[in-house]
Amino acid sequence: MKKLHWLFMAVCLAVMPALQSCDNNDGYSLGSFTPPLWATVRVTGNAFYLDCDVWGMLWLVNTNLYWYEPVDGKRVITIFNPLSDEFSGFDHAVQILHINDVLTKEVEH
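Heads up: the sequence shown begins at 1425 in the numbering used here, then just goes up one per residue.
No wet-lab data here; the hints were simulated from the structure. Beta carbons: idealized from backbone N, C-alpha and C, even for Gly. Errors might be hidden in some of the hints.
As the list claims (entries may be wrong) - Have a look at the derived ranges for each label pair, beta carbon to beta carbon:
(1) MET1433 x SER1456: 34 to 42 Å
(2) PHE1511 x LEU1431: 53 to 61 Å
(3) LEU1428 x PRO1460: 55 to 63 Å
The whole structure should be built from the sequences, with the hints applied where relevant.
Put into structure tokens, the structure is as follows:
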């Protein structure tokens, strides 16, 4: 009986990797967000997008950023929720959760 038990356990351990499923869904969840990342603001007409150091060009889908005044070339630290890849010529479409300007200045000689 013990041999049968050990044989059953060995078969279960051997088959276990084949029974596991992988989620191949490459989409993004609304609950997922990035750590704070550096980006540069790029203003185009009456809209703006972010040129992120890690994620590339980001198109902002949320338009309720009435409290934020974009300045072209300004460095920011941002936290966002990625929504899709390759959106109308941009690398990602994102929902901004938090954005803060960063004080930058030239190095004095």
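The hints, checked one at a time:
1. MET1433 x SER1456: 34 to 42 Å: With Cβ atoms ~37 Å apart, the hint holds.
2. PHE1511 x LEU1431: 53 to 61 Å: 54 Å, holds
3. LEU1428 x PRO1460: 55 to 63 Å: 56 Å, holds
Hint compliance for this structure: every hint is met.
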